[in-house]
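4 protein chains.
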Amino acid sequence: MPLQMNADELMDYLEEVFPQVKNDFAVDRLADMEVDMRLKVADRHLRPGGTVSGPSMFSLADCAVYAITLAMVGRKALAVTTNASIDFMRKPQAGVDLIARCRLLKLGRVLAVGEALLFSDGMDAPVARASLTYSIPPKG
Amino acid sequence: MPLQMNADELMDYLEEVFPQVKNDFAVDRLADMEVDMRLKVADRHLRPGGTVSGPSMFSLADCAVYAITLAMVGRKALAVTTNASIDFMRKPQAGVDLIARCRLLKLGRVLAVGEALLFSDGMDAPVARASLTYSIPPKG
Amino acid sequence: MPLQMNADELMDYLEEVFPQVKNDFAVDRLADMEVDMRLKVADRHLRPGGTVSGPSMFSLADCAVYAITLAMVGRKALAVTTNASIDFMRKPQAGVDLIARCRLLKLGRVLAVGEALLFSDGMDAPVARASLTYSIPPKG
Amino acid sequence: MPLQMNADELMDYLEEVFPQVKNDFAVDRLADMEVDMRLKVADRHLRPGGTVSGPSMFSLADCAVYAITLAMVGRKALAVTTNASIDFMRKPQAGVDLIARCRLLKLGRVLAVGEALLFSDGMDAPVARASLTYSIPPKG
Numbered sequence: 001m002p003l004q005m006n007a008d009e010l011m012d013y014l015e016e017v018f019p020q021v022k023n024d025f026a027v028d029r030l031a032d033m034e035v036d037m038r039l040k041v042a043d044r045h046l047r048p049g050g051t052v053s054g055p056s057m058f059s060l061a062d063c064a065v066y067a068i069t070l071a072m073v074g075r076k077a078l079a080v081t082t083n084a085s086i087d088f089m090r091k092p093q094a095g096v097d098l099i100a101r102c103r104l105l106k107l108g109r110v111l112a113v114g115e116a117l118l119f120s121d122g123m124d125a126p127v128a129r130a131s132l133t134y135s136i137p138p139k140g
Numbered sequence: 001m002p003l004q005m006n007a008d009e010l011m012d013y014l015e016e017v018f019p020q021v022k023n024d025f026a027v028d029r030l031a032d033m034e035v036d037m038r039l040k041v042a043d044r045h046l047r048p049g050g051t052v053s054g055p056s057m058f059s060l061a062d063c064a065v066y067a068i069t070l071a072m073v074g075r076k077a078l079a080v081t082t083n084a085s086i087d088f089m090r091k092p093q094a095g096v097d098l099i100a101r102c103r104l105l106k107l108g109r110v111l112a113v114g115e116a117l118l119f120s121d122g123m124d125a126p127v128a129r130a131s132l133t134y135s136i137p138p139k140g
Numbered sequence: 001m002p003l004q005m006n007a008d009e010l011m012d013y014l015e016e017v018f019p020q021v022k023n024d025f026a027v028d029r030l031a032d033m034e035v036d037m038r039l040k041v042a043d044r045h046l047r048p049g050g051t052v053s054g055p056s057m058f059s060l061a062d063c064a065v066y067a068i069t070l071a072m073v074g075r076k077a078l079a080v081t082t083n084a085s086i087d088f089m090r091k092p093q094a095g096v097d098l099i100a101r102c103r104l105l106k107l108g109r110v111l112a113v114g115e116a117l118l119f120s121d122g123m124d125a126p127v128a129r130a131s132l133t134y135s136i137p138p139k140g
Numbered sequence: 001m002p003l004q005m006n007a008d009e010l011m012d013y014l015e016e017v018f019p020q021v022k023n024d025f026a027v028d029r030l031a032d033m034e035v036d037m038r039l040k041v042a043d044r045h046l047r048p049g050g051t052v053s054g055p056s057m058f059s060l061a062d063c064a065v066y067a068i069t070l071a072m073v074g075r076k077a078l079a080v081t082t083n084a085s086i087d088f089m090r091k092p093q094a095g096v097d098l099i100a101r102c103r104l105l106k107l108g109r110v111l112a113v114g115e116a117l118l119f120s121d122g123m124d125a126p127v128a129r130a131s132l133t134y135s136i137p138p139k140g
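Chains as they are written, first to last, in the numbering used here: chain V, 1 to 140; chain G, 1 to 140; chain L, 1 to 140; chain S, 1 to 140.
A few of these clues could be false.
Identical copies go unnamed one by one, so any copy, or any two together, can satisfy a pair.
Claimed, not checked - With a straight-line Cα cutoff of 25 Å, these simulated PhoX-like cross-link-like pairs (lysine-lysine) come out:
#, residue 1, residue 2
1, Lys91, Lys106
2, Lys22, Lys40
3, Lys91, Lys40
If you're looking for bench data, these hints aren't it; they were derived computationally from the structure.
With the hints as extra help, turn the sequences into a complete structure.
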């Protein structure tokens, strides 16, 4: 199954279903079963000390895997996160964006499973890894 | 080991280390190894349709287990989340607060492990469950 | 929905679908949405030093949540584990059985979610916690 | 930090600390922060229908990430699994070995975090993904 949307269509759709997040995220790269999603880090994402907060990292991973699922199955806004597991491994660097490199590992009829590695922009060592499952509603 | 803080001292400390969240959370109940934490749901926590977003639920669970860890070990602001696993099971009810009923299962020298069930205020069926691990820095 | 099987019927069914495990497990208690499952610890479950191995603990948690799911939905041998998250918190005591105290948190049309605390028989502090998700096949 | 053992030394060490598993696993490839580990599938690993059981998949992922951790830090038999998260995505193929392609994402002073993708030998689509955390005991 090929991609059902390009990056612009995907961002338009995310903004439609998640209006609160439209200023937070950008699609850096979109490919078959893969996406690189950027968190445009602003003050509201930070902990004291200037590092990105855990919930902001969760939010990026969730948005990225959700986005690539949508991009593959087409417009199904009701897909819902059913499980997330995340390991926080290093402190994100202050003052730089966070990038999620994400791929879908399974795109089934009922469930989609994806994983993401999160990096401070420009760094080699991941700050977190996450895996997420989405329940895909039946058609029609 | 008894509680090292009461609910007021705990909230003061959370506000000190996480100033952004001071309007979001309240301690409903604090006991040995247990806390009930309330997310005072506002527009910024919602998805279209009025239900609480996944990142907001993650944030509540993380804050709750972090808080009871702090309440037990005393002021160690540098304790960091190392792992979180969360199952989203039901859609939160629109227009009501979210409550995390949380307990510490292990409070070790190096790691603390806790779990939380999240409920829409007044409802019996949990909307989510979460388990979280924190790394506790060495003394001194 | 009431229990669809009693403890004897449940064990008979587990032995039918998982013949390898029939000597490993026993149902200590079965109730609405809850089960206590015992791992009858033998040499094959042990690590050097005499403690129960991680895979044996995983196996107990998986079997327990699977069993209560079956007991609630009736004979659906094709229910499959889709996700498991487990925290190993303490070393199990040598020479005693392991008990999983387990409850279903959600029993949906498509997914069941349960959690288990594992204890060395007679001890108060849990050795592990686990949460598991099962995909329930459609009827017919 | 380079590898502290080669594949033969690693298998010798695993056999020493986990004598029960010596017939189950083989190291297919060992590199800096990476290992491919093979489960030599036998009847005791199977479910009715001939597919590898969940606990056997867990066991392979756990052994693989444990092995690469040991290979990097040297002989520290007391490293213990503290957390595991696993997604079961496809039914393993009957009658073939299972391969875990595993890499360490973090090797800290206190915690190591790794991930593994599990494949039926010769197949492209992963049957499971797992992430595991190990607590590394202090030196001396």
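Checked hints:
1. Lys91 with Lys106: between (30 Å within a copy, 12 Å between copies)
2. Lys22 with Lys40: both (10 Å within a copy, 23 Å between copies)
3. Lys91 with Lys40: within (17 Å within a copy, 28 Å between copies)
Going down the numbered hints, you'll see the structure goes against none, and every one checks out.
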